[in-house]
Amino acid sequence: QFLQLPMEKLLASEAMVAVWVTNDPKKQAFVLDELFPAWSLRFSGCWTWIKVTNEGEPLLPFGERPRLPFEKVLVGRKSAAESEDPKDQVFAAVPGHHSQKPFLDELLPKSQSKLEIFARNLRPHWTSWGNEVLL
19 QFLQLPMEKL LASEAMVAVW VTNDPKKQAF VLDELFPAWS LRFSGCWTWI
69 KVTNEGEPLL PFGERPRLPF EKVLVGRKSA AESEDPKDQV FAAVPGHHSQ
119 KPFLDELLPK SQSKLEIFAR NLRPHWTSWG NEVLL
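Residues 19 to 153, numbered by the working numbering, are exactly what the sequence shown covers, in order.
The hints are simulated quantities; they were obtained by calculation from the structure and are not laboratory data.
C-beta: ideal position from N, C-alpha, C; glycine also.
Don't take each hint at face value.
Stated by the list, open to error - No farther apart than 27 Å at their CA atoms in a straight line, the calculated lysine-lysine pairs in the DSS-like style are these: (1) Lys119 x Lys27; (2) Lys90 x Lys45; (3) Lys119 x Lys45; (4) Lys119 x Lys105; (5) Lys96 x Lys132.
What the hints assert, rightly or not - The following label-pair restraints were derived from C-beta to C-beta distances: (6) Arg141 x Asp106: 20 to 26 Å; (7) Leu78 x Phe136: 20 to 26 Å; (8) Trp147 x Gly114: 28 to 34 Å; (9) Pro142 x Trp38: 18 to 24 Å; (10) Pro76 x Gln19: 29 to 35 Å.
Could you put together the complete structure from these sequences and hints?
And the structure:
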């Protein structure tokens, strides 16, 4: 179903797309090898979210599958300028309620318009697209 999303209608001509993905190598490969090409994106970086407690400690131990204390965001870009690619980054944040991911505003260019698909929140300066947006 992801491959059928009308991304060509939703994305600007210069766009960066951040896709949350589990630690399953097959799902990561799907995003990199199938989804990004279908959306005319090239892979440009990987961001890693370390899930921490309010005290700053990892939420879970490292190295123990199936659950790990981190998730990845694979970043694709629709642009001709490779120099603008984001750098691989690691950041820590406390998980939100009901699997809510941290907002990525600090990692994204401030000058670009922003689109969140499958959005659960309405946020300033973002276009929220989906059928589960909560106020």
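Verification of the hints:
At roughly 25 Å between alpha-carbon atoms, Lys119 and Lys27 fall within 27 Å of each other, so this suggested pair holds. For the suggested pair Lys90 and Lys45, the alpha carbons sit about 11 Å apart, so the restraint of at most 27 Å is met. Distance hint between Lys119 and Lys45 is fulfilled; the C-alpha atoms sit about 18 Å from each other, no more than 27 Å. Of the supplied pair hints, the one linking Lys119 and Lys105 holds, its CA atoms being roughly 20 Å apart against a limit of 27 Å.
At roughly 14 Å between alpha-carbon atoms, Lys96 and Lys132 fall within 27 Å of each other, so this suggested pair holds. Our hint of 20 to 26 Å for Arg141 and Asp106 holds, since their Cβ atoms are close to 25 Å apart. Under the hint 20 to 26 Å, the C-beta atoms of Leu78 and Phe136, about 24 Å apart, fit the expected range. Remark: the range hint 28 to 34 Å for Trp147 to Gly114 is contradicted by a beta-carbon distance near 20 Å.
Range check, Pro142 to Trp38: about 21 Å between beta-carbon atoms, so the 18 to 24 Å window is met. At roughly 33 Å, the beta carbons of Pro76 and Gln19 sit within the given window of 29 to 35 Å.
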